[in-house]
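**Q** Sequence:
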Amino acid sequence: MIWPRQLGRHSFHFDFRGAAFTLADSADATIDPAVYGWIDAWLAQAQDRWHLFITHLPPVDPNGVRNGSFSSRREASKLIAALARGAVDLAVFGHIHTHVAYSLGGVECHISGGGGGWPMRWDGLARHFLTIDIDPVAQTHDVKVVEVP
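If you count the sequence shown from 1, position 82 lands on 82 in the numbering used here, and the numbers rise without skipping.
The set of hints was computed from the structure by calculation and includes no laboratory data. As the structure is a computational prediction, the values presented were derived from the model and not from experiment. Any given hint could turn out to be false.
Stated by the list, open to error - Taking CB as the label site, the calculated pair distances span:
1. Ala-101 / Arg-73: 36 to 44 angstroms
2. Phe-16 / Ala-41: 12 to 20 angstroms
3. Pro-149 / Arg-85: 18 to 26 angstroms
4. Asp-40 / Ser-71: 18 to 26 angstroms
As the list claims (entries may be wrong) - In the EDC-like style, the derived pairs of lysine to aspartate or glutamate whose C-alpha atoms are separated by at most 16 angstroms in a straight line are:
5. Lys-144 / Glu-108
6. Lys-78 / Asp-40
7. Lys-144 / Asp-133
8. Lys-78 / Asp-32
In this text, a Cβ means the ideal position worked out from N, Cα and C, and glycines have one as well.
Can you make the complete structure from the sequences, with help from the hints?
**A** Now the structure itself:
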């Protein structure tokens, strides 16, 4: 893969207008073990604020038929437990070329991978993207799926 070879892996956290955003690199079906210390610190730092967590692959495939998840169920469990402990408000994943809304450890999750690659048409949704309206003061959000004709 050209990206990691030239630029390395990227995981980072930032705050914007009262909300916290954590992005963890899982492009090779795992998160670098060193990053888990950062994630724990970022989650603790944002415990009382609205918090979005984003990573490429979902920790587990929500319906088990697409083979799009972390390579280790043990690691998936570790991440899910951390997100639950950190009271993350919303987690967004990609990789699987469809939309799935579900919950992991009490955390609202959305897979949205309909912007690139071949869409998985057999589940009735083709190209799409998500809009996410966030109110960090009220600590609420609204996720909408927008289909692209």
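**Q** Determine for every hint whether it applies to the structure shown.
**A** Okay, the hints, checked on the actual structure:
{"no.": "1", "hint": "Ala-101 / Arg-73: 36 to 44 angstroms", "in the structure": "violated, 22 angstroms"}
{"no.": "2", "hint": "Phe-16 / Ala-41: 12 to 20 angstroms", "in the structure": "holds, 18 angstroms"}
{"no.": "3", "hint": "Pro-149 / Arg-85: 18 to 26 angstroms", "in the structure": "violated, 41 angstroms"}
{"no.": "4", "hint": "Asp-40 / Ser-71: 18 to 26 angstroms", "in the structure": "holds, 21 angstroms"}
{"no.": "5", "hint": "Lys-144 / Glu-108", "in the structure": "holds, 13 angstroms"}
{"no.": "6", "hint": "Lys-78 / Asp-40", "in the structure": "holds, 11 angstroms"}
{"no.": "7", "hint": "Lys-144 / Asp-133", "in the structure": "holds, 9 angstroms"}
{"no.": "8", "hint": "Lys-78 / Asp-32", "in the structure": "holds, 13 angstroms"}
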